[in-house]
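Chains H and R, in that order, are what the protein sequence lines are. For the first sequence, position 12 matches number 12 in my numbering, and the numbering has no gaps at all. Start counting at 1 in the second sequence, then tack on 1000, and there's your number in my numbering.
Keep in mind the hints are simulated off the structure, nothing from the lab. Since no wrong hints were added, every one of them can be taken at face value.
In silico lysine-lysine, DSS-like type, Cα no more than 27 Å apart, as pairs:
#	chain 1	residue 1	chain 2	residue 2
1	H	K115	R	K1125
2	H	K66	R	K1607
3	H	K129	R	K1616
4	R	K1631	H	K128
5	H	K66	R	K1625
6	R	K1140	H	K115
7	H	K66	R	K1399
These stretches of chain R come out as covered by chain H in the derived footprint (C-beta under 8 Å, 3 or more residues):
#	stretch
8	1129-1139
9	1271-1285
10	1391-1399
Ideal placement from N, C-alpha and C gives every residue a C-beta, glycine not left out.
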Amino acid sequence: MKKITAMQLNRKNFLKLAAWSFSVFFFGLTLSIPTIKIRSRQKKIRLLLENINSGANLFDEVIIVKDLNMLRAYLRRCTHLGCPLNINSDGTLICPCHGSQFNLAGMAVTGPATKNLTELAIKIDPEKKFAEVEYELL
Amino acid sequence: MNFFKKFNHKIMGNFGMLSISALWLAILSGLPLIIFYDVRAPYLSIQEILIRYPIIQLFRSIHYWSAQLLIIFAIFHSVEMMIGINAKEKNKIIFSTWWPAAFAFPILLFIMLSGYILKGDSEGKLAAQIFSELLWPPVKYFLLGNTNNNGWQTLYLQHASMATILLLAAVLAHAKRIWPSFSDWPIVSFLVVLLAIFFPIGLHSEFYLKTQGPWYFLPLQEILHWQNDPAILPYILLILYLFFFFFPRFSWRLRSLLKFFFSLFGLIFISLIFFVFFFRGAYWAITIPKDPWPNTNIYNSIYSYFPDKKAITQDTPRVNGRSEGCLLCHQQEFGFATSHNPKAIGCSSCHLGNIFSANKTTAHQNMILLPGNINNIEQARLTCGATNCHAEIVERVDKSLMNSMRGVIAVDRFAFGEKKIPNGTDSVKQLGGSSADTHLKQLCTMCHLGNVKKESGPINELSRGGGCMACHLNYDDGQKDNKNYHPALTLQIKSEHCFGCHSRSGRISTNYQGWHESKLTAAELPTHSSASYRLLADQRVFEKKEADVHFLAGMECIDCHTSREAMGDGNIHLHQEKQTEITCIDCHQNGPLPTVGWDQLSDEDRKIIRLRNNGKEERPRQFLKIGKSNKALPFAFLNPQGDLIMQGKNSKKIFRLKGPTIQCTQTMPGHERLACHSCHSSWAPQCLSCHTQQSGRGIWQEFSDSFLSDAPPLGIVPGPNNQEKIVPFIPGMVMTISTDIPKNKKFVRLFAPTVPHTTGKKSRSCISCHLSSNALGAGRGDLSYNSIDTTFNFYPRYSALSDQLPADAWTAFLKDGPPNSTRIDARPFNRKEQLKILNVGLCLSCHPYEEKNIRWIYHNFKRSISKMSKRCRILQ
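Produce the complete structure using the sequences and hints provided.
What follows is the structure, given as structure tokens:
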């Protein structure tokens, strides 16, 4: 490769320089991804137990399922491509993007999603008034 | 011809130059949007443009349409280059010219897709999610940045600045020029402005469940629907792209092969676009489009450029984080219930329409004037049944018996001989053209909940159905003529709401209030005793009878009947008695009473209590548990003294619920199978035949026939735990049916179990059952005992019909008859049972039960029979 100087920066050399710069930039970005992930937002929702109905309840990024007074929480993200799930007409969970369906136990029932939903831990305060769910947004 | 030649020269072979014109138009029209677009609230900022700034909206539409034309022209240009129709190039593709164009393609797609995402509506958000999942993480962060903190700031800058500059550079490297040709510019501008004026681009409304993506990504979406592991897809696309990028470098033979492959790919691509756009509905389900242009919410009409002047002078009211354009004009409306106040939920939550327009015509597009009709479940899911509102209830109502008429349909088809049993799951929507279904469609199907309410106004005696409004719509009589008055949707469901449908067929609404249908016409209505007669809005005349004790006490239908009974509990019940959960014994029982605490109540019961109590909860209360369903009757509870009371849902009146008397609890032998209403129904409307007849082939008409109103016959239905239950029966279907095939003409006599809702404090007398031919099911007439040959003589009052039974009979006197019932396993008394009943009647004729000193006869009847004197007689 010829030595590049400001005088010699023609179209070909500029493109080469740009390609190299971009490669270095993306390499740097790749290395910094773990740091970006660490900075991802930790979120917490606090809900009145009274407001949680039987069956699936949607709260922004979290799904809370109440079944015979047992609570379970899932991340409201389809395991196929991450779209937020909705409640289907039969009470189960359905993805608006490609129609994946999940039952209330968080299991993938109809594709394209094959993985089960990510379950989140629920904390219930000693007075049994609030439920608290912590989750991470990447 | 010259025009076509010129057109051919201008357009064909000139797509590259047309693309440059479209590109510049897109860049320039994007400039004014910079001022109005907010990266932190993209959805709201575009809503404001749509509602308040028609000029900016025109630029936005030009921006959109020029971008669409740009990608179409660019695709056409690459196709014409590949297949060599461009005469100037003479089929020679030079790599140094080709690759910048190939490089421009992903940039162009990025610009298009980022523009789609930047709308910030639900479609945009989903596209962003899919896009970011498919990208390699470094590229994702480069293009999208930290969306959690900065919104769409990075994407917006990449869209408006980086990608645009790179695209212009690629165009320069490819075409050696950057400016559009003077002759192309007006053509493209004219076309784009025309499209922008007539098809202003809208915004996806949250009410439409169908979300697909931009048209050029629909095939990819379809592939993703089939692809369980989407991570592989970017690699496949990359390989395809590399083939495209290095196309001119390949040998002539390989290029021909690739041309064929790309043509095939293009054909599949276009087919998939059409397939997905028209045949994929909400949640990617395959649907048959009813509307030729299913996504009408994408484009507005030209009217949207002319907003009401209020939009310019006032701020757009915001509801639930969205601009609600409707409220610019509809601020004066009043009368709403708190939960449905438009200040809380907007107008569009119920009425849909286009909330992002301040022009009357556009705003009212796709509007539902009378929402709540559940005949069209898809529509109901968008209004009352929207995810955040009453989604679960709408699904339940759809399956419920009042909406489906499942029981009526099955019995009618059974009577017509079209079904072998009187059970079935077909709903009113599945009625066909058979004789039974025609009969139903012409005479009965108005009375189902799904029957569409087509005119505004209160629910009255003539109302039939109306979906959610059938029960929940309430008008303030004093205000209903005020043009700004809006009726309220509340829980104040009065007995009048039920009256329209339930004053027909079994007539429980009229029975309950103590009215019995007469044969009088409106003209014959006696004026001198108006309190004894009632003229209904449908011109039927009713005469006064004994009203139900619950009605006299001031109770309404919903005081006993729960939401699960009225709207269904989600299960498919075949007949009404299966869907009904309340029984007499739930309220009238002696302790210990089954109760549940606040925590064991269902969410729905708790919500109903809060709504009726102005938000107040009743935590310490113990609520009565219904035996059949194990669920609570939320307004029946123990008072502090431990007594069971009921509070009227509308009246707030307190009713003391008393246990049954000793005669009911210490059941006399032989009466174990009796239901409470067998004895306590003081009367029931009974007809000698169905008042329907065929007046011509396939034409059914209703006519007036004899109505009787005495104590009903009794019969047997299967009860819980394989035990039989004795309940009142009334004629269900007694008619001659002539179907389309004359030889199939037949007579049917089917009796139906009933709860007449004519409860009396006192039960019917012993002899009203034990010495009554009608109670046995044999019909009315003279019943006498012949002591010489120890037999009963029965002379029917009504002459026999074609089945040799008297017109009012269910079964033959002292004979085993066929079941003749509208329910499986229901039947009249058989000969043995009739004999047993009459034998007691024989004793009662000399030893009335009212004489306390001889009651022991009946309490130990078998022993009494064995010790009876020679003068006593019984039948064998």
